[in-house]
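**Q** Based on the sequences and whatever the hints tell you, model everything.
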Amino acid sequence: QQPVQSPQAVILREGEDAVINCSSSKALYSVHWYRQKHGEAPVFLMILLKGGEQKGHDKISASFNEKKQQSSLYLTASQLSYSGTYFCGTEELGAQKLVFGQGTRLTINP
Amino acid sequence: DVKVTQSSRYLVKRTGEKVFLECVQDMDHENMFWYRQDPGLGLRLIYFSYDVKMKEKGDIPEGYSVSREKKERFSLILESASTNQTSMYLCASKTPNEQFFGPGTRLTVL
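As given, the protein sequences belong to chains A and B, one line each in that order. Take the first sequence: its position 82, counting from 1, is numbered 82 in my numbering, and each next residue is one higher. Take the second sequence: its position 30, counting from 1, is numbered 30 in my numbering, and each next residue is one higher.
Calculated directly from the structure, the hints in this document are not laboratory data.
Subject to a maximum C-alpha distance of 20 Å in a straight line, what follows is the list of computed SDA-like cross-link-like pairs (lysine to any residue):
#	chain 1	residue 1	chain 2	residue 2
1	A	K97	B	F100
2	B	K13	B	E79
3	A	K97	B	M54
4	B	K3	B	R106
5	B	K18	B	T83
6	A	K26	A	A95
7	B	K53	A	Q96
8	A	K37	B	P103
9	B	K55	A	Q96
Residues from chain B that face chain A, not an exhaustive set, calculated with beta carbons under 10 Å:
#	residue
10	R44
11	L45
12	F100
Nothing here was measured: the structure is a model prediction, and the numbers come from that model. Every residue, glycine too, gets a C-beta built ideally from N, C-alpha and C.
**A** Here's what the structure looks like:
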């Protein structure tokens with residue numbers, strides 16, 4: 001069963017912040033986040049492992065709430081280059097495969 | 001850099017034809033995957049493989065089969081293509097902490 005992402009789409013002005021949520025009904029081992037630009041392959045952003053950690057680099061960070069099986073991706077002071085579709089991929093313990101959400105389309109306008 | 005390549009970026013086939021989509025990775029990864037991507041549905045797993053000659057069904061295997069004769073190559077086969085298989089097909093290979101995608105093959109079945 002696919003994880004559920006929200007919102008499905010968001011439009012921001014450059015410099016604004018965004019939060020993308022990913023929720024699963026399964027007990028998760030890890031959550032991956034990817035960004036896909038139009039016409040390109042998805043590109044890995046970060047992985048969060050069970051343990052309720054938070055990670056980040058530059059102005060993109062994420063958290064993983066193991067109790068709720070939810071992850072959130074935070075984009076602060078968004079840049080035009082952040083535009084694209086963001087996917088979360090969830091992995092159950094021992095599954096060795098990722099199941100992806102339906103994606104969140106992020107549009108950053110000048 | 002890890003490289004995942006797919007045999008074609010664009011492919012047009014007729015209903016009933018047998019279609020082969022080829023994927024090659026150069027990093028000796030054991031795990032390889034085939035997804036299809038459709039608007040609003042995200043990335044859906046068709047088949048995956050843990051090792052040579054091993055295969056597992058994903059969430060939407062109907063109408064597809066796979067072959068993995070060598071570790072670096074994972075092929076997706078449409079035995080008798082149908083119009084509802086028109087889609088973007090993405091291959092990926094995976095380490096425990098990151099998944100790498102190929103550029104995708106946009107298949108149109110007429």
